[in-house]
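J.: Once you've looked at the hints, dock chain B against the given chain A.
So the protein lines, in turn, are chains A and B. Be aware that the first sequence starts at 16, since it is given in the working numbering, and climbs by one per residue. Be aware that the second sequence starts at 16, since it is given in the working numbering, and climbs by one per residue.
Hints in this document: simulated from the structure, not taken from any laboratory. Just so you know, not all the hints are guaranteed correct.
If chains are identical, the list can't say which one is meant, so a pair holds when it fits in one copy or spans any two.
Straight-line alpha carbon distances no greater than 27 angstroms define the calculated DSSO-like cross-link-like pairs of lysine-lysine that follow [unchecked claim]: (1) LYS46 <-> LYS19; (2) LYS184 <-> LYS67; (3) LYS240 <-> LYS139; (4) LYS184 <-> LYS229; (5) LYS215 <-> LYS184; (6) LYS19 <-> LYS70.
There are 2 protein chains.
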Amino acid sequence: MTLKLFELVGTDAERPFSPFCWRTRMALAHKGLGAESIPWCFTEKAAIAPHKSEKVPVLLDGETAVADSWAIAAYLEDSYPDRPSLFGGAGGRAMARMLNWWGDVTVVGGMFPLIVADIPGHLKPVDAAYFRQSREARFGKPLEEVTANRDKAVEGFRKSLDPMRLTLKTQNFLGGDAPNYADYIVFGAFQWARVVSPFKLLSQDDPVHAWREKLLDAFDGMARKSPGYAV
Amino acid sequence: MTLKLFELVGTDAERPFSPFCWRTRMALAHKGLGAESIPWCFTEKAAIAPHKSEKVPVLLDGETAVADSWAIAAYLEDSYPDRPSLFGGAGGRAMARMLNWWGDVTVVGGMFPLIVADIPGHLKPVDAAYFRQSREARFGKPLEEVTANRDKAVEGFRKSLDPMRLTLKTQNFLGGDAPNYADYIVFGAFQWARVVSPFKLLSQDDPVHAWREKLLDAFDGMARKSPGYAV
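Here chain A stands alone, though its shape is the one from the complex (with noise of 0.2 angstroms):
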């Protein structure tokens, strides 16, 4: 049985962003799992509606489909129990959930304005228009605008991170001595920016920088190698 894999992408279905599917992806690799990648489009509602989502990522394993990242890791660890944990153990799972609203509010939240104007040129015409329209409307400006102060907004984001620089202090990984799902929340918004924006988040000598290297080579390399921008 072959899992699929509804993951967003704009003009080049080989550069699928999206933080939310690479956190799946991820998942999927720290349990040995290969998934075929169905490329999915801001605008293409009609195709995972039959599986009762509006959103990416929706899995496909046989008969199941989930939707939603969180689900979707939920579900991994319970039904490939055999595999390596995403969570480490009871504790750890529930403890992710509160990681992962972290990585949403805090790491995605934060990142946003400050790449969201690069995102509309990696999009197809139609895809860009409703991104560009939602967006604004969410702002209350235009993207170019919400961006423009970002030399100096990047500061707030970098300081908003320190719960987690402190924790690489002492350990390797948000999940321990090897990454676990609570590292794959947080690199998956990294790896979202680094596919559609040069803008530099982190500074070289910080270390979260070096953790996401580390995230970076991971898996054989698997999001290095997909495309994106020197970071």
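T.: Structure of chain B alone, referenced to chain A:
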């Protein structure tokens, strides 16, 4: 062998505060371990110097002295493995390290400027003078100026708890169905505030407020029975 715990107090030896000491108190209760309390004041550096620490908590377990709340939690988990787990496995232990930093930076660090001016009133004159001098140097202004705007500033603090608040939408505790050390990390900060300040850090309808109520009731109401303000 009776455990002993150096705990921070002010004029009232029955009113321990410090977010870090309360993490340890809750962790000991979780493990079903009693500890004899040794009240300790800010300026009593000499009393804990033999245990190679300048701060509390310091736990004494026979010949072993352990300083720092995180080190104590790890020590208790390793030394009392047959008691209820604080972390729920290796994954939880690794992720709790990050939640501990989040607790320090976001929760303790976020609360401190909201309640700091209420603390000297609970201290003996010599400790109050030390506290005021050292903390005013850190903030660069009188403590009363630090807290002056707190009715407005508390909004940012409440917002910073979003990752926790969102987590509590789908599980009862940060540790899952029941509390574990992830919860005590954050609760320690709220209990510290409750002991020293009447300021209402949370609104009544906040899910974090309901969570705090449950932890005040935990272990036969241990934290609620400790003297504090109605918050």
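J.: For each hint, tell me whether it holds in the structure or not.
T.: Evaluation of the provided hints:
For the identical chains of this complex, LYS46 and LYS19 are intra-copy neighbours only, at 15 angstroms inside a copy versus 45 angstroms across copies, given an alpha-carbon limit of 27 angstroms. For the identical chains of this complex, LYS184 and LYS67 are inter-copy neighbours only, at 22 angstroms across copies versus 42 angstroms inside a copy, given an alpha-carbon limit of 27 angstroms. Only within a single protomer do LYS240 and LYS139 lie at most 27 angstroms apart by alpha-carbon distance; the minimum there is 23 angstroms, versus 62 angstroms between protomers. In this homomeric assembly, LYS184 and LYS229 come within 27 angstroms of each other (Cα to Cα) only inside a single copy, at 15 angstroms, whereas the closest approach across copies is 33 angstroms.
Within a single copy, LYS215 and LYS184 get their C-alpha atoms as close as 22 angstroms, which meets the 27 angstroms cut-off; across copies the closest is 34 angstroms, which misses it. For a Cα distance limit of 27 angstroms, the shortest separation of LYS19 from LYS70 inside one copy, 15 angstroms, qualifies, whereas the shortest one across copies, 54 angstroms, does not.
The structure agrees with every numbered hint stated previously.
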